[in-house]
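Protein chains in written order, with the numbering used here: chain A, 1 to 390; chain B, 391 to 867.
Any given hint could be a false lead.
[Stated by the list, open to error] Restricting the straight-line Cα-Cα distance to at most 20 angstroms, the calculated cross-link-like pairs of lysine-lysine (PhoX-like) are:
{"#": "1", "chain 1": "A", "residue 1": "K210", "chain 2": "A", "residue 2": "K199"}
{"#": "2", "chain 1": "A", "residue 1": "K199", "chain 2": "A", "residue 2": "K17"}
{"#": "3", "chain 1": "B", "residue 1": "K694", "chain 2": "A", "residue 2": "K120"}
{"#": "4", "chain 1": "A", "residue 1": "K17", "chain 2": "B", "residue 2": "K768"}
{"#": "5", "chain 1": "B", "residue 1": "K694", "chain 2": "A", "residue 2": "K17"}
Hints were generated in silico from the structure; no laboratory data involved. Nothing here was measured: the structure is a model prediction, and the numbers come from that model.
Listed here are the chains, written in short residue letters.
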Amino acid sequence: MDTASSEKIPFLRDPEKRALLYQIFTVLGVALLSYYLISNTLANLERQSISTGFGFLHKEAAFEIGESVLDYSAADSYGKALLVGFINTLIVSFIGIVLTVILGTIIGIARLSSNWLVSKLSASYIELFQDIPVLLQLFFWYAFFYEILPAPKQALNPVTGVFLSNRGLVFGVPEYHPAYLAALTALIVAIIAGIILKKWAHRRQDTTGKSLPTGKIITAMVIGLPLLAWLLGGAPTAMNTPVLKGFNFKGGVTVTPEFTALLLGLVLYTAAFVAEIVRAGIQSVSKGQQEAAVSIGLKPGQVLNLVILPQALRVIVPPLTSQMLNLTKNSSLAVAIGYPDFVSVAGTTINQTGQAIEGVGLIMIVYLIFSLSTSAFMNWYNKKIKLVER
Amino acid sequence: MKNWQSSPSLPSPEQQQGLIKWCRMNLFSSVVNTLLTLTGLLILWWLIPPFFQWAVVNSCWTGDSREVCDAAFAASGKTGACWVFIKVRLGMFMYGFYPEVERWRINFVLLVLALGLLPVLAYGIFSKNLRQAIFGVFGLLTVFYFFGIIPAIFTAAFFFLPFLLDFLSARLAWLAVSLDLWHTLIKLCLMLLVGALTFFLAVTFIGEGHGWASTLATVVLLLVLFFVRNVTVFAWRWILLFTIFPLFAFYMLVGNVFSLAHVETHYWGGFFLTLVVASSGMATALPIGILMALGRRSELPVIKVVCVVFIEIARSVPLVSVLFMASVMFPLFLPESVTFNKLLRALVGIAFFYAAYMAEVVRGGLQAIPKGQYEAAKALGWPYWRMMAVVILPQTLRLVIPGLAINFLSLLKDTTLVAVIGLLDLLGIAKASMADAEWLGFTKEAYVFAGIVFWVFCFAISRYSVRLEKKLHTSLH
Numbered sequence: 001m002d003t004a005s006s007e008k009i010p011f012l013r014d015p016e017k018r019a020l021l022y023q024i025f026t027v028l029g030v031a032l033l034s035y036y037l038i039s040n041t042l043a044n045l046e047r048q049s050i051s052t053g054f055g056f057l058h059k060e061a062a063f064e065i066g067e068s069v070l071d072y073s074a075a076d077s078y079g080k081a082l083l084v085g086f087i088n089t090l091i092v093s094f095i096g097i098v099l100t101v102i103l104g105t106i107i108g109i110a111r112l113s114s115n116w117l118v119s120k121l122s123a124s125y126i127e128l129f130q131d132i133p134v135l136l137q138l139f140f141w142y143a144f145f146y147e148i149l150p151a152p153k154q155a156l157n158p159v160t161g162v163f164l165s166n167r168g169l170v171f172g173v174p175e176y177h178p179a180y181l182a183a184l185t186a187l188i189v190a191i192i193a194g195i196i197l198k199k200w201a202h203r204r205q206d207t208t209g210k211s212l213p214t215g216k217i218i219t220a221m222v223i224g225l226p227l228l229a230w231l232l233g234g235a236p237t238a239m240n241t242p243v244l245k246g247f248n249f250k251g252g253v254t255v256t257p258e259f260t261a262l263l264l265g266l267v268l269y270t271a272a273f274v275a276e277i278v279r280a281g282i283q284s285v286s287k288g289q290q291e292a293a294v295s296i297g298l299k300p301g302q303v304l305n306l307v308i309l310p311q312a313l314r315v316i317v318p319p320l321t322s323q324m325l326n327l328t329k330n331s332s333l334a335v336a337i338g339y340p341d342f343v344s345v346a347g348t349t350i351n352q353t354g355q356a357i358e359g360v361g362l363i364m365i366v367y368l369i370f371s372l373s374t375s376a377f378m379n380w381y382n383k384k385i386k387l388v389e390r
Numbered sequence: 391m392k393n394w395q396s397s398p399s400l401p402s403p404e405q406q407q408g409l410i411k412w413c414r415m416n417l418f419s420s421v422v423n424t425l426l427t428l429t430g431l432l433i434l435w436w437l438i439p440p441f442f443q444w445a446v447v448n449s450c451w452t453g454d455s456r457e458v459c460d461a462a463f464a465a466s467g468k469t470g471a472c473w474v475f476i477k478v479r480l481g482m483f484m485y486g487f488y489p490e491v492e493r494w495r496i497n498f499v500l501l502v503l504a505l506g507l508l509p510v511l512a513y514g515i516f517s518k519n520l521r522q523a524i525f526g527v528f529g530l531l532t533v534f535y536f537f538g539i540i541p542a543i544f545t546a547a548f549f550f551l552p553f554l555l556d557f558l559s560a561r562l563a564w565l566a567v568s569l570d571l572w573h574t575l576i577k578l579c580l581m582l583l584v585g586a587l588t589f590f591l592a593v594t595f596i597g598e599g600h601g602w603a604s605t606l607a608t609v610v611l612l613l614v615l616f617f618v619r620n621v622t623v624f625a626w627r628w629i630l631l632f633t634i635f636p637l638f639a640f641y642m643l644v645g646n647v648f649s650l651a652h653v654e655t656h657y658w659g660g661f662f663l664t665l666v667v668a669s670s671g672m673a674t675a676l677p678i679g680i681l682m683a684l685g686r687r688s689e690l691p692v693i694k695v696v697c698v699v700f701i702e703i704a705r706s707v708p709l710v711s712v713l714f715m716a717s718v719m720f721p722l723f724l725p726e727s728v729t730f731n732k733l734l735r736a737l738v739g740i741a742f743f744y745a746a747y748m749a750e751v752v753r754g755g756l757q758a759i760p761k762g763q764y765e766a767a768k769a770l771g772w773p774y775w776r777m778m779a780v781v782i783l784p785q786t787l788r789l790v791i792p793g794l795a796i797n798f799l800s801l802l803k804d805t806t807l808v809a810v811i812g813l814l815d816l817l818g819i820a821k822a823s824m825a826d827a828e829w830l831g832f833t834k835e836a837y838v839f840a841g842i843v844f845w846v847f848c849f850a851i852s853r854y855s856v857r858l859e860k861k862l863h864t865s866l867h
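Using the sequences and the hints, build the whole thing.
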């Protein structure tokens with residue numbers, strides 16, 4: 001025993017050497033597995049005479065895509081088809097995330113309302129929509145459009161100019177006029193000016209102590225400038241309203257049933273989770289914080305903006321990020337109801353070309369980019385709102 | 391001397407109880423609240439009465455064909471739900487295309503699962519062995535009544551085996567902790583012997599190529615018996631659920647052994663398939679997830695990198711694409727001679743996908759264990775696996791039960807995605823039966839039914855996990 005310390009440690013009992021051995025085994029295992037899979041794959045591809053590589057992206061796709069913001073036809077290449085799918089995924093995820101956050105926040109706050117009925121209603125909303133599979137909800141909304149809503153002739157007309165039928169949601173938009181472009185430019189200018197003004201006002205308050213009613217000024221600018229541009233442009237009021245012609249509507253903007261069903265399903269499902277996150281976030285701020293803020297004389301708006309929200313957001317943001325990613329990933333369920341998102345287009349491409357590996361690889365890369373960029377943005381935001389400690 | 395006079399008594403406070411006061415406080419306390427209440431009532435008025443009218447008042451429950459519903463709706467002039475559709479198709483919704491005469495096998499497996507699972511899930515109620523035994527006897531009688539003597543014998547063995555193993559485990563405690571080389575050798579030899587015997591028996595009685603699974607289950611049981619001390623009855627129940635039960639369920643459901651007819655997996659469907667995918671997904675994803683969580687926390691850089699890369703990739707892609715991959719790419723990955731059935735491919739895809747999520751949950755638990763626990767185990771000179779199995783993991787798993795339950799919930803909901811690759815789970819069957827020419831136009835009924843089934847299950851699981859969380863006080867926040 002007393003000589004144990006000077007004794008040479010047997011090879012297998014030395015933790016360092018053992019660690020090295022384990023890692024070598026792991027590398028060998030992974031390498032062997034990869035070799036096995038790759039050699040099988042190559043053999044199989046050769047047998048089915050499928051050429052590998054991304055050359056197929058330039059070939060003619062020869063399938064139509066239901067909706068696209070780009071000018072796409074069946075004569076275009078697979079590459080362009082995939083791009084259309086990518087943009088569709090982007091659109092549905094972006095709109096979905098914005099609507100989800102708004103709806104989820106409203107329901108989450110309603111859950112905490114002192115009004116018994118409102119609180120119970122939002123609680124039942126959360127329980128109902130959380131516990132039903134999102135695919136079922138998508139199917140349901142899809143069926144709602146195709147089987148429950150009437151044909152365009154008997155279209156529901158909830159508000160003037162808006163029609164709901166089994167061809168989707170149709171609504172009127174203003175006729176194109178240069179004045180609108182001017183108004184849009186004015187809006188962007190107003191927003192940028194507002195941001196600069198706010199920063200300047202902050203700095204001024206820090207150095208001189210003088211405050212400025214920035215909120216009112218910015219609101220006036222954001223509403224006033226575009227309005228002014230519109231008025232100066234001749235105040236056009238012509239509307240492009242949908243009119244029933246034959247079996248369908250002409251004019252206006254049509255949102256397809258597929259897109260609406262997908263958006264509705266995703267938003268209603270994810271909003272239930274977001275509501276729970278918002279509720280938990282607000283509840284995590286102790287009541288004393290609010291009482292203290294009120295007792296030093298802050299106005300209700302200031303209490304919310306300066307005391308409650310900054311603390312609640314720190315709790316809310318990380319789980320909210322994962323819900324946003326969930327929504328983006330769930331948008332791939334579009335494939336089940338025929339909305340041409342990226343996964344759906346890639347699936348068609350795989351079926352037609354047999355390029356399964358490249359297709360699945362593309363899907364993975366695209367979603368990896370989505371996840372990484374969303375989480376990078378949210379991490380940046382999270383860092384920004386983090387409690388600044390001395 | 392001043393004469394104190396009592397001031398006149400105040401009027402009694404406003405009524406603090408009663409319906410009116412409650413309404414005034416909770417519904418109409420201010421103008422805004424009143425408006426909100428009215429809006430809420432309006433929403434309810436829009437939703438509830440029409441649904442009630444459709445689902446109950448105008449609905450049709452009796453009969454067994456479409457004509458009954460059509461006639462009833464024509465007579466009353468109002469259309470409602472035709473629940474006859476669900477009633478006629480209930481067998482399909484529950485069992486898919488599983489042959490009708492063989493459906494008792496599914497029921498039997500589910501009953502055995504319930505018998506095995508209930509005691510461990512409601513362990514508060516079944517804390518006493520006597521209560522478990524009484525429960526077991528009732529279960530046994532049910533099995534005997536419905537399925538006959540041979541299933542009853544198996545059920546008895548399955549349910550009461552944990553008591554025997556517990557007894558043995560207590561007697562063999564000295565052997566389990568013994569570090570004596572001879573003891574270890576004897577234990578290993580015994581395991582080898584029993585394993586070989588099982589293999590031989592399985593090959594003789596079940597058939598060629600069926601030996602390995604049974605042997606593995608036996609060896610795992612012996613491993614726990616010989617090397618872990620003080621395994622409780624509950625722990626044995628869990629171990630049996632992970633070893634014996636899958637084997638039993640597999641042979642029972644697939645058949646082709648012991649004079650059970652062979653039922654190929656493409657006949658499987660309905661809610662039964664949903665349960666198969668969910669439970670086997672959970673049972674396989676959890677162990678893989680635990681291993682990957684350990685790998686991610688490992689100090690060995692290579693193992694850590696492999697696990698991190700796998701987990702992050704799996705977590706950032708949608709399940710649909712994993713299922714796609716499973717259905718299109720798995721056949722490419724394997725040699726031509728190996729054919730993989732569709733269900734198994736989906737199961738493998740789901741298992742690895744969810745394993746990544748499980749790994750993250752378990753990692754959260756591992757990080758929450760105080761460092762002193764690791765250090766204490768190391769100070770005793772315990773090797774890594776012993777430290778993990780005996781000290782760290784039991785605490786970790788207790789800690790992460792709510793997280794695992796949430797994952798199980800989303801796994802149960804995500805099983806519906808197998809419909810995308812053509813497997814007919816409850817949702818897939820519902821969609822398929824809508825396309826039936828005889829029953830066109832009953833979409834709502836099918837979706838509402840499927841929705842209710844899923845909702846009931848998911849809601850029950852989420853309530854259970856909340857209760858468990860409260861009971862264990864393990865909220866990580």
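Check whether the Cα positions of K694 of chain B and K17 of chain A lie no farther apart than 20 angstroms.
holds, 17 angstroms
Need the status of pair K694 of chain B, K120 of chain A: alpha-carbon distance at most 20 angstroms?
Status violated; Cα separation ~46 angstroms.
Holds or violated: are the alpha carbons of K17 of chain A and K768 of chain B at most 20 angstroms from each other?
holds, 18 angstroms
Verify the proposed pairing of K210 of chain A with K199 of chain A, using a straight-line Cα cut of 20 angstroms.
holds, 14 angstroms
Are K199 of chain A and K17 of chain A close enough, with their CA atoms no more than 20 angstroms apart?
violated, 59 angstroms
Hint compliance for this structure: hints 2 and 3 are broken, all remaining hints hold.
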